[in-house]
Amino acid sequence: MSVKVTDMSPQFLKAYRDASRKALDAAANVYEGNLKRRFMKGYYTSQAFRSTAQIVQHVQREEPVFTGNGWSSKVGIPDGIPAVAKAKRGKKTAPVATSRTMVGKIALAWEIGHHNLFSRKWERVEIFKPVAMESAKQMVDTYNRVLNRFLERGRAVK
Amino acid sequence: MTLPKYVVPASLTLPSTASTTQIYGTLRKHLIDYVSPSTDTLAGFVGTRIWVRSAPADPVFPYLTLRLDRTSLPAYNGYRETAILEVQGVGKPDSQLPLVESAMDIVDQAMTSLTDRSSGLIVGRGRTRQTVPQLTDPADSSVVAVVANYELYLWPVVLTSRA
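So the protein lines, in turn, are chains A and B.
Numbering of the first sequence is given in the working numbering, commencing with residue 1 and proceeding in unit increments.
Numbering of the second sequence is given in the working numbering, commencing with residue 1 and proceeding in unit increments.
This is chain B alone, in the form it adopts within the complex:
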């Protein structure tokens, strides 16, 4: 059996917070649909190459990866989550760095203005962002990357609708 490595377009009901896969899909769709004030979209930079966890083998550059770390506390009966969404923009060769930085600017705008109450609630406001310094062996030094972490608050259906 092949496990789903990333969200296949049009395979899920979105937006939804009814499952973790759908939360990923919702965030991915939000990024793809976002149009900046200067009418830029991520499609112009990475197409639909936004993967969950890591890109497939032999990827086309540049691309983005998403990964969630989620925590729910007893104070909210486990309903409310604080999540850190890590977004990595990865390019190759290093001449793609401006492309990656620009793509991450759009991700910054999209994620820090996120309020989606169509299924449960997802709110994003704060973030940290760093350009990864040039790495050496064993890493491919011609790969450039920007890593950003977005703090999200969720009231996901998957946690708030229990039997």
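Isolated chain A, as found in the complex:
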């Protein structure tokens, strides 16, 4: 007669990996929500720059991907989305997408600062970074809560 002693670490590691994916996605969702709420309070410089109003429409969260440093998720504006130019006053033509100006680059220019062609000044309004810093604790709490829930209930293995 013998008793088999088994290492369950493969099951645990799989459960942990699945749970941490859900936890990271939940944390990223917190940031995405806070970011959109922040944009709803007002755009850059009170909509003096109309193209910036398009930024919030394209904020999105990508599916988590597994990297050498664990799960990773991007929240922001994907590359390659052209800005839509407004029709000129008095003309009844529909708004058209301009391939020259990308929404992501407009957001980047405002986030890190830029010499503005229209105001002829250095313009900078940070939104993504301050919201990330303000959201950090809420994101960590959410991550821990979701991770614990899925590990405790064994629901991560699906």
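Hints listed in this document are in silico derivations from the structure and should not be mistaken for laboratory results.
These numbers come from a predicted model, not from an experiment.
Glycine residues also receive a C-beta, built at the ideal position from the N, C-alpha and C atoms.
Hints may be right or wrong, so weigh each one.
In silico SDA-like cross-links for lysine to any residue, where the CA-CA straight-line distance does not exceed 25 angstroms [as the list claims (entries may be wrong)]: (1) A:LYS129 / B:ASN149; (2) A:LYS74 / B:ALA148; (3) A:LYS137 / A:VAL56; (4) A:LYS121 / B:THR48; (5) B:LYS29 / B:VAL147; (6) A:LYS137 / B:PRO74; (7) A:LYS74 / B:THR136; (8) A:LYS129 / B:TYR153; (9) A:LYS129 / A:PHE39.
Covered, in the sense of this in silico footprint (three residues per stretch, anywhere, with C-beta under 8 angstroms from a C-beta of chain B), are these stretches of chain A [as the list claims (entries may be wrong)]: (10) 104-112; (11) 121-133.
Position chain B against the provided structure of chain A, taking the given hints into account.
Positioned in the frame of chain A, the structure of chain B alone reads:
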């Protein structure tokens, strides 16, 4: 009243961490004084054009800007700060990109080897750095920039000497 937009040379007692303005001045002076192993200095690239927050109107290119984000945690009774120093190297036209990248190499060396214990303590080691992609409207696309963030640890006098 005109608020001080940047640190005026020789107007402050440096190095010092007794005030935020002096911390900026200390970091700026460290950058200006740093001599690389190949005897390069930032003066050869940007002169003394190292501004806090943003450059004045109609700037001469290239130039550098400094900006600090500072955090102190309860675990250290608020004495010890972790700060992120953002340095932007900005040039125009785009032919100045090699100049800006080279200037930022010197900033990299200066900031990642920084240990100043003459007033409080400032230590710098880690950094991230990115070349900004070419921007389009509303940004001036002929402007080139490199953005680097340096992680600093401070025990500044302004926080450690309380009444």
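Fill in: Those earlier numbered hints the structure runs against, lowest number first
none
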